[in-house]
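Peer 1: Spelled out, the chains give:
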Amino acid sequence: MSWTRISALALRYTLLYKRSVPRMIELFFWPTMDLLVWGYVTLYLQRLYATAQSPSAGMGTITFLLGAMIFWDILYRAQQGVTLSFLEDVWTRNLLNVFVAPIRIEEFILATYLVGTVRIGVTVVALTGLAWLLYQFNLLAMGFALIPLFVNLLLMGWAMGMITTGLIMRWGQAVEALAWGVPFLVQPLAAVFYPVDVLPRWVQPISHALPATHVFEGMRQVLAGGHFPTAHLLWAFGLNAAYLVVAAWWFRRMYERAREKGLLAKLGTQ
Amino acid sequence: MSEPVVEVQHLRKEFDGTVAVADVSFCVRRGEIVGLLGPNGAGKTTTLQVLLGLTTHTSGTVRMFGKELRSHRVEILQRCNFSSAYAALPTNLRVWENLRLFARLYGVRDSAAKLGFLLEVFEIKHLKDKVTGHLSAGESTRVNLCKALCNDPELLLLDEPTASLDPDIADKVRRILRQIQREKGISMVYTSHNMREVEAVCDRVVFLHKGMVIAEGTPQQIIDRFRGSSLEEVFITVARSGDVLDGSGTDASSGISPG
Chain E
48 MSWTRISALA LRYTLLYKRS VPRMIELFFW PTMDLLVWGY VTLYLQRLYA
98 TAQSPSAGMG TITFLLGAMI FWDILYRAQQ GVTLSFLEDV WTRNLLNVFV
148 APIRIEEFIL ATYLVGTVRI GVTVVALTGL AWLLYQFNLL AMGFALIPLF
198 VNLLLMGWAM GMITTGLIMR WGQAVEALAW GVPFLVQPLA AVFYPVDVLP
248 RWVQPISHAL PATHVFEGMR QVLAGGHFPT AHLLWAFGLN AAYLVVAAWW
298 FRRMYERARE KGLLAKLGTQ
Chain V
17 MSEPVVEVQH LRKEFDGTVA VADVSFCVRR GEIVGLLGPN GAGKTTTLQV
67 LLGLTTHTSG TVRMFGKELR SHRVEILQRC NFSSAYAALP TNLRVWENLR
117 LFARLYGVRD SAAKLGFLLE VFEIKHLKDK VTGHLSAGES TRVNLCKALC
167 NDPELLLLDE PTASLDPDIA DKVRRILRQI QREKGISMVY TSHNMREVEA
217 VCDRVVFLHK GMVIAEGTPQ QIIDRFRGSS LEEVFITVAR SGDVLDGSGT
267 DASSGISPG
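Chains as they are written, first to last, in this note's numbering: chain E, 48 to 317; chain V, 17 to 275.
Quick caveat, the hints were computed from the structure, so don't treat them as lab data. All C-beta atoms in this analysis are idealised placements derived from N, C-alpha and C, irrespective of residue type, glycine included. Wrong hints could be hidden among the right ones.
[Stated by the list, open to error] Partial pick of chain E residues on the chain V-facing surface, computed with a CB cut under 10 Å:
id	residue
1	Glu135
2	Val145
3	Val147
4	Ala148
5	Pro149
6	Glu303
7	Arg306
8	Leu311
[To be verified] Taking lysine to any residue pairs in the SDA-like style, the calculated list, with each CA pair at most 20 Å apart, reads:
id	chain 1	residue 1	chain 2	residue 2
9	E	Lys65	E	Trp77
10	E	Lys308	V	Asp32
11	E	Lys308	V	Asn56
12	E	Lys313	E	Glu303
13	E	Lys313	V	Lys141
14	E	Lys308	V	Ser87
15	V	Lys144	V	Arg120
16	E	Lys308	V	Ala179
17	E	Lys308	V	Arg28
18	V	Lys188	V	Lys200
19	E	Lys313	V	Arg28
20	E	Lys313	V	Pro55
21	V	Lys141	V	Ala128
22	E	Lys313	V	Ala101
23	V	Lys226	V	Gly76
24	E	Lys313	V	Glu30
25	E	Lys313	V	Glu176
26	E	Lys313	V	Thr74
Pulled out of the complex, with its shape left as it was, chain V reads as follows (with noise of 0.2 Å):
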């Protein structure tokens, strides 16, 4: 089994008392596209923005690349890279400029040949001298890519990275993140709502509801654990079970029980 490059132990989160994260336990490997599922509210947010060191845990211990984040945050970063549907990239510059100063941030050398590779991998060469604001979702989405990939990520985390697209670009996308990671080795943490994408994109997921994880394997074992017939069925059924999974109870009527 290959080292694991995210490390989550106990994760605990309160925001002045309430509890976004009870108890989260999950670890991501080198090479593996993990998704944090589960209905709003879950935690998956709370975990991400920990995970990115823009928010603090209040307890447990979140180790990435072998280190402690608290105390290695930069150096950790140095080495992740990040999308998010919900983060745009400055809009009143061009798309160029914004690639060649998140490259800047980064580090990276030679960001010229780098950048320009990624906008042709992404079919976007053509919007290299935009105003970013001017661009579509589906463009703005793969400009963002191409920014979380310039620094050659060990570890990507994806906000709901296809969110807002339209399903044939929403398609490239996937495959295009699922090739660059299968060449490069790339570690991959990923939230959607999109059942379908996480069944095609994710190695591994992990199941969240009220801030615990109440399944963790491949979609197809949780599809299975939970006896249903796609993701999207045990997504609606742990959704709407309410208060049924709270403590480590089983809900009888639905046959869901926690992993």
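Only chain E is shown next, with the shape it has when bound in the complex (with noise of 0.2 Å):
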């Protein structure tokens, strides 16, 4: 054993930090992303507990947190599906091939819907069958708003997709960490496993203007009482046009802008 050779080693993983923001902000990033949704997921549970009338009140909040588990996996994988479509280019170094093929920007993102509609589509069939054999959870039971829930789920990971990719296209492979950090960041905002007036009421109109909180609201409407959402999903679907807006226009101003510093090409031989 030399101490040397390990305090070489040693240094030249320290090293990375130093010169990476993504780096150093990781190490702060996933704890309190963590911290925050299990603190306030404990807030709703103690308050829950507090109130409960009978010991069957438990059995709604494990049914919310199973949908919300399964409506928050179809955020995710939207969001990956763009993404992570994208890094695959990156990473196998087929980046410049993909770019000087005839193809336009816009069939780009929809073949990587596509691909992450595709993703959904296996991810949810499993987890339903899984949630219904393991726990009786039938989400399914939800009817007819599962749909338009569903669709605005989908509407926003692609918006979060287009939004990543452009800071990768733009920032390049140092900030790859955000393909799976921006969702996490939205996480504890949307409301995914406790209602939006668990959080301080400051934060409560950031979590509004965010088209996945009118989702899972609207979920937890439907599985409390059977209620079609219609507030919330107009909501949702409004806030998504805007969302989509947006993200199209910074996706398109990243690449224009990836383009003029030839990072495209410097990303695709990286």
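Put the two chains together into one complex, using the hints given.
Peer 2: Rendered as structure tokens:
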């Protein structure tokens, strides 16, 4: 054993952090996001426990959690469908071949939407089946409301995918971690596993500005009483329309900037 | 004289104030192989990236097939293709899957027959079902070239296509490229650091230095103009001339004069 060699290797890995802002942020990002999500889940459960009238009250909460977990996966996979498709070509050094082919950027994006939708289809079928088998949780019992709720998650996932892919296109592999980080930045704010009113009052307007919040609130409304969440869906569709316009503008802007700065070629040969 | 496939006039490209290409003008005629030569940092890769639509230019005009590249990018790229030693095909797909995928991207009709023919020409039919990531450098290069020829391009842009190949395979690749170019009348823009290869393959050479064209002509004309004995000798002299060639000066000691 040589202390010199061990310290040289340790220095090599430490230096990685010195020159990489994303790596430094990552040190705090994941633990903070975990703390926020599980902290608010705890607050929600404490509140439920304090107000519970009967032991069966907990069953409703578990149903919310299972539904939320499956719904969250839809949002996450939709975003990943766009971002990971782009990253796959970066990782395999195929990006140049794709972008020198006669494709329009819109075609590229639509292809990633398609892949994302297929990925979601596979995941949702598997999770729904497992949830029913293991926990007797029937997602399909939500009825017709499932479709517009799913569609809204898909739309927001696509918008997030375009934003993260734009960031990677512009700032390169240094910000690659955002492919996984951005959805988890949204998670505590989108009130995935707890209602919006668990969040501090000043955070609630931010939460309401996210389409996903209305989907999760809508889902809880359906699971609690079976009412069709019209108001939440209207909010979600409206916000998603705005998000998609902004995300498409951002993605195109970043694509043009990447071409201007020669970053596509650089990213494609890294 | 045949019509130009590529017309580049006063091309300039700056990256955040750094000039990568200062002022480059050249043309490529139908059925011609033009070599872009120059030491590292001369601007050849940037020029190639501009031609491929990967990088936008700061000023100047780039016309391909008589159309402005900025406004007809997709239409132009449909008639081109590209191969580089630095760009790989997806390594997790089989050779045949990769080729079918790119044939689809380029809208190739009857792609199975077309790709089968190309695999035969490059003597790699036996690799059809192999995973691309498991191929040797020589095999990968030939698969890349099959992809580059899948749409019968009128213009082929080749970035060091024989880099990392052994002399035997490199020679085979050069012969096949020459043969296809003769038979189909394809125009090619070719970059390479192998000067003997450039002499053997290129009809004409555009010599770049510090983002400017310093000489243009057949390989022999370039050698004569710089009073060298080979393109390699000219290359080394230009690369070592440092700032002597800045502006349009003449380096009396080396006998270099801008073309």
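Peer 1: Decide, hint by hint, whether the structure agrees.
Peer 2: Comparing the hints with the structure gives:
1. Glu135: Nearest chain V Cβ about 8 Å off; hint holds.
2. Val145: holds (8 Å)
3. Val147: holds (5 Å)
4. Ala148: holds (4 Å)
5. Pro149: The hint holds - E:Pro149 has a Cβ within 10 Å of chain V, the shortest such distance being about 4 Å.
6. Glu303: holds (8 Å)
7. Arg306: Holds, because the Cβ-Cβ distance from E:Arg306 to chain V comes to roughly 5 Å (cut-off 10 Å).
8. Leu311: Interface hint status for E:Leu311: holds (5 Å vs cutoff 10 Å).
9. E:Lys65 - E:Trp77: It holds: about 19 Å lies between the C-alpha atoms, which stays within 20 Å.
10. E:Lys308 - V:Asp32: With Cα atoms ~8 Å apart, E:Lys308 and V:Asp32 stay inside 20 Å; holds.
11. E:Lys308 - V:Asn56: holds (19 Å)
12. E:Lys313 - E:Glu303: holds (14 Å)
13. E:Lys313 - V:Lys141: violated (32 Å)
14. E:Lys308 - V:Ser87: holds (19 Å)
15. V:Lys144 - V:Arg120: holds (17 Å)
16. E:Lys308 - V:Ala179: violated (26 Å)
17. E:Lys308 - V:Arg28: At roughly 13 Å apart (the allowed maximum being 20 Å), V:Arg28 and E:Lys308 satisfy the hint.
18. V:Lys188 - V:Lys200: Holds, at about 18 Å.
19. E:Lys313 - V:Arg28: Since the Cα atoms of E:Lys313 and V:Arg28 sit roughly 19 Å apart, the hinted pair holds (cutoff 20 Å).
20. E:Lys313 - V:Pro55: holds (19 Å)
21. V:Lys141 - V:Ala128: holds (12 Å)
22. E:Lys313 - V:Ala101: With a Cα-Cα distance of about 14 Å, the restraint between E:Lys313 and V:Ala101 holds, given a limit of 20 Å.
23. V:Lys226 - V:Gly76: OK: V:Lys226 and V:Gly76 at ~17 Å, within 20 Å.
24. E:Lys313 - V:Glu30: holds (15 Å)
25. E:Lys313 - V:Glu176: holds (16 Å)
26. E:Lys313 - V:Thr74: holds (18 Å)
In summary, the numbered hints that this structure violates are 13, 16.
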